[in-house]
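**Student:** We have chain G already, so just place chain R on it with the hints.
Which chain is which? The protein sequence lines are G and R, in order. By this note's numbering, the letter at position 159 of the first sequence is numbered 159, and the numbering carries on one by one without gaps. Numbering-wise, this note's numbering comes out as the position in the second sequence, counting from 1, plus 187.
Honestly, the hints are just simulated from the structure, not real lab data. Any given hint might turn out to be false.
[What the hints assert, rightly or not] Reference excerpt, derived from the structure (chain G facing chain R, CB under 8 angstroms, subset only):
hint: 1; residue: 17
hint: 2; residue: 19
hint: 3; residue: 20
hint: 4; residue: 25
hint: 5; residue: 29
hint: 6; residue: 112
hint: 7; residue: 161
hint: 8; residue: 162
hint: 9; residue: 164
hint: 10; residue: 166
hint: 11; residue: 167
hint: 12; residue: 169
hint: 13; residue: 170
[What the hints assert, rightly or not] Which stretches of chain R does chain G cover? Using the computed rule of at least three CB atoms under 8 angstroms from a CB of chain G, they are:
hint: 14; segment: 274–284
hint: 15; segment: 301–312
hint: 16; segment: 316–322
[As the list claims (entries may be wrong)] Cβ pair distances, simulated, as ranges:
hint: 17; chain 1: G; residue 1: 120; chain 2: R; residue 2: 218; range: 35 to 41 angstroms
hint: 18; chain 1: R; residue 1: 250; chain 2: G; residue 2: 120; range: 49 to 55 angstroms
hint: 19; chain 1: R; residue 1: 254; chain 2: G; residue 2: 112; range: 28 to 34 angstroms
hint: 20; chain 1: R; residue 1: 298; chain 2: G; residue 2: 22; range: 25 to 31 angstroms
Since this is a predicted model, take the numbers as computed values, not measurements. We put the beta carbon where it would ideally sit given N, CA and C, even for glycine.
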Amino acid sequence: MSLALPTLPDGRVLDVVRAPSQVLSVSGLPVDPADPAVVQLCADLVATMRISPGCVGLAAPQVGVSAQVFCVDVSAHPKTRTTHGLIALVNAEVVEASRNEKAREGCMSVPDLTGDVKRPTKITVAGLLPLSGERVLITTDAFEARALQHEIDHCAGMLFLDRVVGAHAVFPRKVYLKLPESGGDVR
Amino acid sequence: MTSLAITVVGHDRPGIIAQAAEVLSQCGMNLEDSSMTLLRGHFAMTLICAGEADAEQVDAALQPLVNGSLDVTVREVPEEPDLPPLGSTYLVTVHGADRLGIVARLASVIAQAGGNITDLTTRLSGALYVLLAEVDLPRSADVAALQARLAEVSAELGVDTSMRLIENDEL
Numbered sequence: 001m002s003l004a005l006p007t008l009p010d011g012r013v014l015d016v017v018r019a020p021s022q023v024l025s026v027s028g029l030p031v032d033p034a035d036p037a038v039v040q041l042c043a044d045l046v047a048t049m050r051i052s053p054g055c056v057g058l059a060a061p062q063v064g065v066s067a068q069v070f071c072v073d074v075s076a077h078p079k080t081r082t083t084h085g086l087i088a089l090v091n092a093e094v095v096e097a098s099r100n101e102k103a104r105e106g107c108m109s110v111p112d113l114t115g116d117v118k119r120p121t122k123i124t125v126a127g128l129l130p131l132s133g134e135r136v137l138i139t140t141d142a143f144e145a146r147a148l149q150h151e152i153d154h155c156a157g158m159l160f161l162d163r164v165v166g167a168h169a170v171f172p173r174k175v176y177l178k179l180p181e182s183g184g185d186v187r
Numbered sequence: 188m189t190s191l192a193i194t195v196v197g198h199d200r201p202g203i204i205a206q207a208a209e210v211l212s213q214c215g216m217n218l219e220d221s222s223m224t225l226l227r228g229h230f231a232m233t234l235i236c237a238g239e240a241d242a243e244q245v246d247a248a249l250q251p252l253v254n255g256s257l258d259v260t261v262r263e264v265p266e267e268p269d270l271p272p273l274g275s276t277y278l279v280t281v282h283g284a285d286r287l288g289i290v291a292r293l294a295s296v297i298a299q300a301g302g303n304i305t306d307l308t309t310r311l312s313g314a315l316y317v318l319l320a321e322v323d324l325p326r327s328a329d330v331a332a333l334q335a336r337l338a339e340v341s342a343e344l345g346v347d348t349s350m351r352l353i354e355n356d357e358l
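So that you can see chain G by itself, here it is in the shape it has in the complex:
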């Protein structure tokens, strides 16, 4: 099941911001999905995600823009059950969530650490498609649910570090996917 995502312009590959950077800690503002700058930002996020080994999602604050915009694509990941292919959403929020499970997450903006995070595994997300502004509901599970929540957290100024489960739940990363300086979110 894919999302009827409008065709985006060509995206530029942007530099990914790392913690501790202020832009990762502030809540992004809602934005106009039809604004050409927002549409271009979506395309840029997708382009940056695509060239980053293992990356399955990227949010606007991670490229230095404080806005509620992100992209996700978990279709090639082995932990995926349901997938909607490439997702790009504006002003998204989780509207339903259940069945918490713990799993280890990583993040391009925290490249040297991973952490155990408990999150709902069945969720419904509401958000606006770029360009058309159409409001869509995405009901999903497992890895796609985790990736969506990780990116929605970024848009709210939160990192996985804010949600780890205990004092011993953060770990130095032991496996890098090809390029340590450009890993991916939620591996």
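**Tutor:** Coordinates of chain R only, in the frame set by chain G:
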């Protein structure tokens, strides 16, 4: 029966834990609670063991372990009651740019609120400093006031702090 607190800190190499555990076993000391980890590449072991040997005997038996690169301390400790917390346990998460005094300032705020830190880890990863603390708060503690004070001090320090109740899933 004696309880001993033992620390072993120094240059890491394969076999430290095997050797230390073997010595304790030979001395008839039962290894109870322990933490054995690497801290910025240094091997760091802290443990409580109990048995019939005294601190002097165990210290002597551990000396071959030292090998010029490890510091070993052994001392007798009284039995401590290992009680569950009376209130609730919270996880305080802090991350931000490294600077002097983050742990001191925030731990002081927690102590002033009557909070007892039972487990704390910190990690410096490049420019990013991460602190995770499990805090027992008595039932009488004002959680909202503590959260507000932590937010205030965190803003002064330029770090992000969150404090959440630790959920225990009873199965």
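**Student:** Just to be sure I understand the hint, the distance between the Cβ atoms of residue 298/R and residue 22/G should be within 25 to 31 angstroms; is that true here?
**Tutor:** Between residue 298/R and residue 22/G, where Cβ atoms are some 29 angstroms apart, the hint holds.
**Student:** Quick one: are residue 250/R and residue 120/G within 49 to 55 angstroms, going by C-beta?
**Tutor:** 54 angstroms, holds
**Student:** Per the hint of 28 to 34 angstroms, is the separation of the Cβ atoms of residue 254/R and residue 112/G within bounds?
**Tutor:** 31 angstroms, holds
**Student:** Take the segment 301–312 of chain R, compare each residue's beta carbon with every beta carbon of chain G, and decide whether three or more fall closer than 8 angstroms.
**Tutor:** Coverage by chain G holds for the segment 301–312 of chain R (5 residues, Cβ < 8 angstroms).
**Student:** Do the beta carbons of residue 120/G and residue 218/R sit within 35 to 41 angstroms of each other?
**Tutor:** Holds: the Cβ-Cβ distance is about 39 angstroms, inside 35 to 41 angstroms.
**Student:** The hint names residue 170/G as touching chain R; please verify it with the least Cβ-Cβ distance against 8 angstroms.
**Tutor:** With a minimum Cβ separation of about 6 angstroms from chain R (threshold 8 angstroms), the hint on residue 170/G holds.
**Student:** Would the stated hint for residue 19/G survive a check requiring a Cβ distance to chain R of less than 8 angstroms?
**Tutor:** Nearest chain R Cβ about 5 angstroms off; hint holds.
**Student:** Go check the segment 316–322 of chain R versus chain G for me, would you? Three or more residues, Cβ under 8 angstroms, otherwise it fails.
**Tutor:** The restraint on the segment 316–322 of chain R holds, since 5 of its residues have a Cβ under 8 angstroms from chain G and three suffice.
**Student:** Does the interface hint hold: is residue 164/G within less than 8 angstroms of chain R, judged Cβ to Cβ?
**Tutor:** At 7 angstroms from the nearest chain R Cβ, residue 164/G passes the 8 angstroms test, so the hint holds.
**Student:** Does the CB of residue 17/G sit less than 8 angstroms away from some CB of chain R?
**Tutor:** Violated, because the Cβ-Cβ distance from residue 17/G to chain R comes to roughly 12 angstroms (cut-off 8 angstroms).
**Student:** Given residue 166/G as an interface hint, is the shortest Cβ-Cβ distance to chain R below 8 angstroms?
**Tutor:** OK, holds: residue 166/G within 8 angstroms of chain R, min 6 angstroms.
**Student:** Next item in the hint list is residue 29/G. Is there a CB on chain R closer than 8 angstroms to its CB?
**Tutor:** 18 angstroms, violated
Hint violations for this structure: numbers 1 and 5, all remaining hints satisfied.
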